[in-house]
Amino acid sequence: MSNIITDETIDYVGILAKLDLSGEEKEQAKKDMGRMLDYIDKLNELDTSGVEPMSHAFPVKNVFREDVVTNGDGSETTLRNAPEEKDSMFVVPKTFD
Amino acid sequence: MELLSLSAVELGTAIREGRTTAVEAMEAVLARIEEKESLYNCYITVDRDGALSRAADVQRRIEAGELTGPLAGVPVAIKDNLCTEGLLTTCASKILENYVPTFSAEAVLNLERAGAVLIGKTNMDEFAMGSTTETSAYGVTRNPADPEHVPGGSSGGSAAAVASGECFFALGSDTGGSIRQPASFCGVVGMKPTYGTVSRYGLVAYGSSLDQIGPLSRTVEDCAVILEAIASHDVKDSTSVERQDTDFTSALVRDVKGMRIGIPRDYFGEGLDPEVRAAVLQAAELLKENGAVVEEFDLSLVDYAIPAYYTIAAAEASSNLERFDGIKYGYRAEAEGLHQMYKKTRSQGFGPEVKRRIMLGSFVLSSGYYDAYYLKALRVKAMIKGAFDEAFGKYNCILGPAAPTTAPRLGESLSDPIKMYLGDIYTIAVNLAGLPGICVPCGTDKKGLPIGLQLIGDCFREKDLIRAAYTYEQLRKEGK
Numbered sequence: 001m002s003n004i005i006t007d008e009t010i011d012y013v014g015i016l017a018k019l020d021l022s023g024e025e026k027e028q029a030k031k032d033m034g035r036m037l038d039y040i041d042k043l044n045e046l047d048t049s050g051v052e053p054m055s056h057a058f059p060v061k062n063v064f065r066e067d068v069v070t071n072g073d074g075s076e077t078t079l080r081n082a083p084e085e086k087d088s089m090f091v092v093p094k095t096f097d
Numbered sequence: 001m002e003l004l005s006l007s008a009v010e011l012g013t014a015i016r017e018g019r020t021t022a023v024e025a026m027e028a029v030l031a032r033i034e035e036k037e038s039l040y041n042c043y044i045t046v047d048r049d050g051a052l053s054r055a056a057d058v059q060r061r062i063e064a065g066e067l068t069g070p071l072a073g074v075p076v077a078i079k080d081n082l083c084t085e086g087l088l089t090t091c092a093s094k095i096l097e098n099y100v101p102t103f104s105a106e107a108v109l110n111l112e113r114a115g116a117v118l119i120g121k122t123n124m125d126e127f128a129m130g131s132t133t134e135t136s137a138y139g140v141t142r143n144p145a146d147p148e149h150v151p152g153g154s155s156g157g158s159a160a161a162v163a164s165g166e167c168f169f170a171l172g173s174d175t176g177g178s179i180r181q182p183a184s185f186c187g188v189v190g191m192k193p194t195y196g197t198v199s200r201y202g203l204v205a206y207g208s209s210l211d212q213i214g215p216l217s218r219t220v221e222d223c224a225v226i227l228e229a230i231a232s233h234d235v236k237d238s239t240s241v242e243r244q245d246t247d248f249t250s251a252l253v254r255d256v257k258g259m260r261i262g263i264p265r266d267y268f269g270e271g272l273d274p275e276v277r278a279a280v281l282q283a284a285e286l287l288k289e290n291g292a293v294v295e296e297f298d299l300s301l302v303d304y305a306i307p308a309y310y311t312i313a314a315a316e317a318s319s320n321l322e323r324f325d326g327i328k329y330g331y332r333a334e335a336e337g338l339h340q341m342y343k344k345t346r347s348q349g350f351g352p353e354v355k356r357r358i359m360l361g362s363f364v365l366s367s368g369y370y371d372a373y374y375l376k377a378l379r380v381k382a383m384i385k386g387a388f389d390e391a392f393g394k395y396n397c398i399l400g401p402a403a404p405t406t407a408p409r410l411g412e413s414l415s416d417p418i419k420m421y422l423g424d425i426y427t428i429a430v431n432l433a434g435l436p437g438i439c440v441p442c443g444t445d446k447k448g449l450p451i452g453l454q455l456i457g458d459c460f461r462e463k464d465l466i467r468a469a470y471t472y473e474q475l476r477k478e479g480k
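Chains as they are written, first to last, in the numbering used here: chain F, 1 to 97; chain B, 1 to 480.
Keep in mind that the hints are not guaranteed to be accurate.
Listed below are the simulated DSS-like cross-link pairs for lysine-lysine, each with C-alpha atoms no more than 25 Å apart in a straight line [stated by the list, open to error]:
1. B/K477 with B/K257
2. F/K26 with B/K419
3. F/K18 with B/K328
4. F/K30 with B/K344
5. B/K94 with F/K18
6. F/K31 with B/K344
7. F/K86 with B/K344
8. F/K86 with B/K477
9. F/K31 with B/K419
It should be emphasised that the hints constitute simulated quantities derived from the structure, not laboratory data.
Since this is a predicted model, take the numbers as computed values, not measurements.
The whole structure should be built from the sequences, with the hints applied where relevant.
See the structure below:
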């Protein structure tokens with residue numbers, strides 16, 4: 001395996017991904033990511049200089065509309081899926097002391 | 001009349017002509033589900049009472065002359081990553097174990113407008129990440145052709161439900177082959193339309209630039225009718241394309257004379273099962289005997305599609321799945337403080353394959369690696385699109401297998417992710433290039449497992465695919 005993923009990298013990616021991996025999961029993730037990156041490195045066989053990155057297969061443009069509410073007030077139904085709610089608001093755990 | 005042996009169009013006709021009713025059709029489907037579901041596990045949710053009451057309502061509207069279309073009264077199964085108002089939508093994930101949408105996907109609304117009757121929600125790989133329906137948090141689905149084998153994925157529940165008579169047709173979603181490959185493994189018809197043809201509004205996003213909703217059905221005729229019903233321009237999906245040519249049923253013509261069909265040599269190399277190869281080439285021969293111009297060519301870049309795809313799909317997934325944070329809906333873990341709650345919710349809520357792709361995606365998008373991995377993959381995507389453009393300068397369709405093998409046995413695939421990803425080799429480039437692709441059954445192997453023929457068309461040329469697939473299906477039915 002040419003891509004060696006360090007503990008630091010896995011910890012950093014865990015922060016980006018907002019995932020708390022167990023020790024065992026971390027070891028597996030290091031192996032999996034290293035193998036995947038080895039495989040993805042195959043793309044380096046291709047000379048892509050001068051090729052523009054293509055994010056969509058055909059041209060897409062911004063779609064604008066007037067900022068007007070068309071679907072009414074759905075707050076009551078929307079809050080039905082909330083893990084916790086109070087006075088038409090989502091309740092979240094304490095964010096600072 | 002044996003209702004469950006009918007196609008969706010045949011059933012719709014029988015209902016309109018008063019030979020049966022929407023309620024009788026739904027009762028037949030529910031009885032089949034009762035009988036088979038404990039073995040196959042096609043569904044995550046069967047909405048028995050709701051289905052019967054919707055069927056009764058649709059029957060009244062058919063009798064009142066309000067619903068006159070070909071799908072009126074026909075029971076349909078919907079993949080569990082399409083939102084259905086008031087009906088549990090889990091994406092086969094623990095993190096959405098309690099999510100009941102307050103709105104329906106546009107494709108689902110289009111089917112309801114056509115009078116199709118929702119049965120329930122089908123099993124899938126978690127967040128559509130997988131090729132076997134084994135990454136579902138709600139158990140595996142078994143292949144009706146042989147229950148020891150997987151149905152394919154990620155729309156495995158939809159394909160298995162169509163094959164087993166647990167519905168008359170189904171919707172799936174296809175990000176890298178997730179409609180066509182399970183269609184191939186289960187012996188049904190499956191189509192991924194051109195990107196932008198069916199609104200993605202209400203489809204839980206995986207790889208937004210690749211995702212597209214499409215039909216799984218028993219016949220090519222059904223497939224065209226369903227696609228005609230679900231295709232629409234939708235202002236709620238900014239990538240939705242305004243098309244005037246969505247009269248797909250006009251392409252149900254049994255004639256391929258003069259149609260130019262290209263067979264990529266690169267699709268018949270190492271790793272292709274000999275029985276699959278023989279069945280697919282025999283199908284090509286049949287089309288040739290009936291007037292198509294069939295020739296081999298080199299598509300090129302085939303080996304680069306999988307690494308480009310997994311980079312792009314993982315990047316988009318890591319971004320799309322950020323929304324599952326335990327705040328507004330879904331599972332929330334108990335934890336001290338907001339940040340810990342996010343991490344615990346996601347760590348407990350997502351399964352291993354989803355975590356693997358989120359980690360990879362976060363890595364390839366991270367500063368210092370973005371250019372080397374993500375932008376590189378987007379450049380390769382442009383080259384792959386160019387290779388297809390060149391091919392479609394010469395051919396109306398590209399013909400090949402949908403998958404290198406027939407359905408693997410349960411439990412064989414997940415241990416080696418890269419090996420599983422390699423199974424997507426013939427389907428994945430189609431999503432990168434935004435093209436339409438259809439899979440039609442073309443035989444079985446010695447074990448009796450179905451083999452699928454894939455036809456790929458240029459953007460917006462679904463009609464070429466439907467015509468070729470319909471002709472092939474009719475010829476095969478005639479025993480040729």
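A quick look at each hint next to the structure:
1. As the CA atoms of B/K477 and B/K257 are separated by approximately 19 Å, the hinted pair is consistent with the 25 Å bound.
2. Proximity of F/K26 to B/K419 is assessed by CA-CA distance (about 21 Å); at most 25 Å being required, the pair is judged to hold.
3. For the suggested pair F/K18 and B/K328, the alpha carbons sit about 17 Å apart, so the restraint of at most 25 Å is met.
4. In summary, the hint linking F/K30 to B/K344 is supported, as the alpha carbons are separated by about 20 Å, within the 25 Å threshold.
5. About 17 Å separates the Cα atoms of B/K94 and F/K18, which keeps this hinted pair within 25 Å; it holds.
6. Restraint check for F/K31 and B/K344: satisfied, since their Cα atoms lie roughly 23 Å apart, inside the 25 Å limit.
7. For the proposed pair F/K86 and B/K344, the alpha carbon gap of about 23 Å is at most 25 Å, so the pair holds.
8. About 62 Å separates the Cα atoms of F/K86 and B/K477, which puts this hinted pair outside 25 Å; it is violated.
9. Restraint check: the Cα-Cα separation between F/K31 and B/K419 comes to about 15 Å, which is no more than 25 Å; the hinted pair holds.
Taken one by one, the earlier hints fail for this structure only at number 8.
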